[in-house]
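J.: Given the coordinates of chain A, assemble chain B onto it according to the supplied hints.
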Amino acid sequence: GEDVEQSLFLSVREGDSSVINCTYTDSSSTYLYWYKQEPGAGLQLLTYIFSNMDMKQDQRLTVLLNKKDKHLSLRIADTQTGDSAIYFCAEILGNTGKLIFGQGTTLQVKP
Amino acid sequence: ETGVTQTPRHLVMGMTNKKSLKCEQHLGHNAMYWYKQSAKKPLELMFVYNFKEQTENNSVPSRFSPECPNSSHLFLHLHTLQPEDSALYLCASSQVLQTSGGAGQFFGPGTRLTVL
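Same order as they appear, the protein sequences are chains A and B. Be aware that the first sequence starts at 7, since it is given in my numbering, and climbs by one per residue. Be aware that the second sequence starts at 35, since it is given in my numbering, and climbs by one per residue.
In isolation and in its complexed conformation, chain A is listed as follows:
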C-alpha cells in the first residue's frame, strides 16, 4: 500500500541542527519532496530529490535518501525560530501525479 510515515514532533534549540525523518513504501517513487507549512498558510515546496540521487544540498537544507531502506531525511543547519512550522514529506506515484503525504512533523525551535 501507499504510506508515508513521519514522527509527529521535534523540538530543538536555535542554532542547532534539526533532522526530520520520513519512511515511505513505494519503491517506484520517482521524486520525493519536503514541504513546509507555517500557521494559517498553505504548503510551500522546500526541496525535492530525484530517486537516483543519494543527497541534495540547498543552502541550509540537506536531503538524504536511502532507497534500500526507503528512508528520507531533511536536515536544517543552524535552525532559526522562523523555521518553526510543520514539515511534510511526500512521494509521487508513477504517472498519476498523485502525491502521498506523511502526517507532518511539527518543528518547534526554542530561543
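Treat the hints as calculated values from the structure; they're not laboratory data. Please read these numbers as outputs of a predicted model, since none were measured by experiment. Any given hint could turn out to be false.
Pairs of lysine-lysine residues, derived as DSSO-like cross-links and limited to a Cα-Cα distance of at most 27 Å, are as follows [claimed, not checked]: (1) A:42 / A:74; (2) A:76 / B:52; (3) B:56 / A:104; (4) B:53 / B:70; (5) B:52 / B:75; (6) A:62 / A:73; (7) A:42 / B:75; (8) A:42 / B:70; (9) B:75 / A:104; (10) A:116 / A:104; (11) B:74 / A:42; (12) A:116 / B:56; (13) B:75 / A:116; (14) B:86 / B:74; (15) B:74 / A:104; (16) A:116 / A:42; (17) A:73 / B:53; (18) A:116 / A:74.
T.: Using the frame of chain A, we list chain B on its own:
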C-alpha cells in the same frame, strides 16, 4: 507567494447552504488538484484535473462537486455539507500531471471551511 490564489480564505456555512471555493493559478500549469487537510490526518487528495479533464476522483462524496473551466481556474462547489467536512481545503497546480523536472506541486494558502 506561490502563484496560486484561493478565495475565500475563510468560510462558515450551514449544512443547508450552497457555496463555492475558487482557485486560480498564474503559473501556466496544466494540472490542478484539490486536497483536504483535517486536523491530525495526512493530506487527502480529492480531485485531479489535467488539461481541464478530471483524471481522479478519490472516492469523494457527491456533496463536493469540482469544476475546471480552463487550466487556470478550479472550483469546488459545496452543498449540504456535514460538520465533519470542516477542514482546510488546499488547491495546488503543477506544470504537467507527471511532475517531470521535479518541480512538484505548488499550493495555494487554502480556504478554512467551518460547517455549522
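J.: Please work out if residue 42 of chain A and residue 74 of chain A have their alpha carbons no farther apart than 27 Å.
T.: holds, 26 Å
J.: Does residue 75 of chain B pair with residue 104 of chain A here, judged by a C-alpha cut-off of 27 Å?
T.: With a Cα-Cα distance of about 17 Å, the restraint between residue 75 of chain B and residue 104 of chain A holds, given a limit of 27 Å.
J.: Does residue 86 of chain B pair with residue 74 of chain B here, judged by a C-alpha cut-off of 27 Å?
T.: violated, 32 Å
J.: Hinted pair, alpha-carbon criterion (27 Å max): residue 42 of chain A, residue 75 of chain B. Please report holds or violated.
T.: Answer holds: residue 42 of chain A to residue 75 of chain B is near 16 Å, not above 27 Å.
J.: Verify the proposed pairing of residue 76 of chain A with residue 52 of chain B, using a straight-line Cα cut of 27 Å.
T.: violated, 44 Å
J.: Do the alpha carbons of residue 116 of chain A and residue 104 of chain A lie within 27 Å of each other, as the hint requires?
T.: violated, 35 Å
J.: Going straight from one Cα to the other, do residue 116 of chain A and residue 74 of chain A come out at no more than 27 Å?
T.: Outside the cut-off at roughly 34 Å; violated.
J.: Going straight from one Cα to the other, do residue 53 of chain B and residue 70 of chain B come out at no more than 27 Å?
T.: Between residue 53 of chain B and residue 70 of chain B the Cα gap is close to 16 Å, so the pair holds against 27 Å.
J.: Checking one constraint from the list: CA of residue 52 of chain B to CA of residue 75 of chain B, max 27 Å. Satisfied?
T.: Judged against 27 Å, a Cα distance of about 26 Å means the pair holds.
J.: Between the alpha carbons of residue 73 of chain A and residue 53 of chain B, is the straight-line distance 27 Å or under?
T.: Distance of about 45 Å is beyond 27 Å: violated.
J.: Hey, residue 74 of chain B versus residue 42 of chain A, does the alpha-carbon distance stay inside 27 Å?
T.: With Cα atoms ~16 Å apart, residue 74 of chain B and residue 42 of chain A stay inside 27 Å; holds.
J.: Quick one, are residue 116 of chain A and residue 56 of chain B close enough, alpha carbons at most 27 Å?
T.: Violated, at about 37 Å.
Comparing the model with each numbered hint stated earlier shows that hints 2, 10, 12, 14, 17, 18 do not hold.
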